[in-house]
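Just so you know, we're using my numbering here: the sequence shown kicks off at 1 and counts up by one.
Hints listed in this document are in silico derivations from the structure and should not be mistaken for laboratory results.
A couple of the hints might just be wrong.
Taking CB as the label site, the calculated pair distances span [claimed, not checked]:
(1) LYS265 <-> PRO170: 29 to 39 Å
(2) PRO355 <-> HIS78: 29 to 39 Å
(3) GLU278 <-> ASP186: 17 to 27 Å
(4) MET55 <-> GLY380: 16 to 26 Å
(5) GLY201 <-> PHE419: 35 to 45 Å
(6) PHE463 <-> LYS237: 42 to 52 Å
(7) SER283 <-> PHE463: 55 to 65 Å
(8) LYS341 <-> GLY462: 45 to 55 Å
In silico PhoX-like cross-links for lysine-lysine, where the CA-CA straight-line distance does not exceed 25 Å [to be verified]:
(9) LYS457 <-> LYS371
(10) LYS457 <-> LYS334
(11) LYS57 <-> LYS121
Even glycine gets a Cβ: it sits at the ideal position worked out from N, Cα and C.
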Amino acid sequence: MAVLEPITGMARQLRTFKALPWVLSRQVVPSTTHCSRRLAHSQAQPAPASISPSMYKFVVVGGGAGGLAMASSLSRKHGKGQVAVIEPGDEHFYQPLWTLVGGGIKEREASRRLMKDVMPKACDWIKDKAVEFDPENNNVKTSDGRVVQYDYLVVAMGLQLNFDQLKGLPEALKNDPMVCSNYSYDTVGKTFKAIQNFKSGNAIFTFPNTPVKCAGAPQKIMYLAEEYFRQNNKRDKANVMYFTPLASIFSAPKYAAVMADICKKRGIQVNLRHNLVEIKPDSKEVVFAKLDTEPNEMITLPYEMLHVPPPMGPPDLLKASPLAGPAGFLSVNKETGQHTKYPNVFGIGDCTDFPTSKTAAAAASQSRILKKTIDAVIGGLTPVDKYDGYTSCPLVTGRRSCVLAEFDYNLEPLETFPFDQGVERRTMYHMKADVLPTMYWRSFLKGWWNGPSVFRKIMHLGFSR
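Sequences and hints are given; from them, build the entire structure.
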């Protein structure tokens, strides 16, 4: 099958695929013994400022999913001391698990690892905050005054959460136990408690009027809450309501129709083109702007429970830098991940302006192309491999059901499995809950998992991109 990628490229990904049956039969959370073995054999330590070299072949800014995946691949290929990762955090989080944490299915601690345990050992970890990009002089400045020179720069800073940009949200999260958010490690622990303590009234779930990481997450927790209400004799007392500023419940039309039908069958009220503008925790009310009215009509509703994703956007540092595009995100060629102005600068993940949904799945597929792009640029060639915008969102609809949405830049389905994924399936739930977390820790962060394109071609007998 000539349309398949080379066999050598497939073999590496098949090693990951062979582990899936083993993964399905075991819990994702590692045992204490396993953690001890990892600590004994794999701990990266920050590079001391006094002895660390200031010049690197590659500098990666950001220790999130995309940053560590690229750092792992680059350091494995180019050797020890060639790659530096600028990352101030002590911890790394598998954020897709927070939906299940909020739904009372997984433990919050299962989403967390110490940064020293996931940082590639062959990299120099500069445990500091980047404060300035100077692409004209090929360097990044850090808060301790260090100037880090690079030949090639990979920007992987993720999205910035702006809780304070929504009036009343910080106060509500602090003072009202029935206001919650799955979008941070510090707040996700409130969600299931709020679901359990719900008695009657409006259970309101919102979507922000900004770019968002995992655009399906705001509605996934709604389905888990609605299921819990049904199973605990609270459903007839609950008005489950979803508010989004968008014109559709989901971006890809195929899956939007599926999710709208699920909401209809389960009696969930979907309110399109409604933007949350204020929370009043003292009176337990929310204020929405109706975006299809001019001027915007404001409506105020009481809530018993409220789940709120915060406003999000590009990191302030990136937004103010020469690397940013008009919207403040890293400006990249949408097919190659190369910066539109500086040819030795590249981007991956949520901080970029790739016009696709911001998910870990998107970052994995971007990493496959970005590695080839960087190789081409180093070799003085024009990048030829192209990113098709692949992204994925496992839309969890219950404790044993999930719709696995996969699509491209054109919002057309790009499904991995040879059956219709626009159906709630238990197998897809286990993929989300049990397989993907282990693949993330053991394969993606190590730079081995580059998205499902190889498997998609195999399962569709070569008749797929």
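The hints, checked one at a time:
no.: 1; hint: LYS265 <-> PRO170: 29 to 39 Å; in the structure: 36 Å, holds
no.: 2; hint: PRO355 <-> HIS78: 29 to 39 Å; in the structure: 30 Å, holds
no.: 3; hint: GLU278 <-> ASP186: 17 to 27 Å; in the structure: 22 Å, holds
no.: 4; hint: MET55 <-> GLY380: 16 to 26 Å; in the structure: 21 Å, holds
no.: 5; hint: GLY201 <-> PHE419: 35 to 45 Å; in the structure: 40 Å, holds
no.: 6; hint: PHE463 <-> LYS237: 42 to 52 Å; in the structure: 50 Å, holds
no.: 7; hint: SER283 <-> PHE463: 55 to 65 Å; in the structure: 58 Å, holds
no.: 8; hint: LYS341 <-> GLY462: 45 to 55 Å; in the structure: 38 Å, violated
no.: 9; hint: LYS457 <-> LYS371; in the structure: 20 Å, holds
no.: 10; hint: LYS457 <-> LYS334; in the structure: 22 Å, holds
no.: 11; hint: LYS57 <-> LYS121; in the structure: 16 Å, holds
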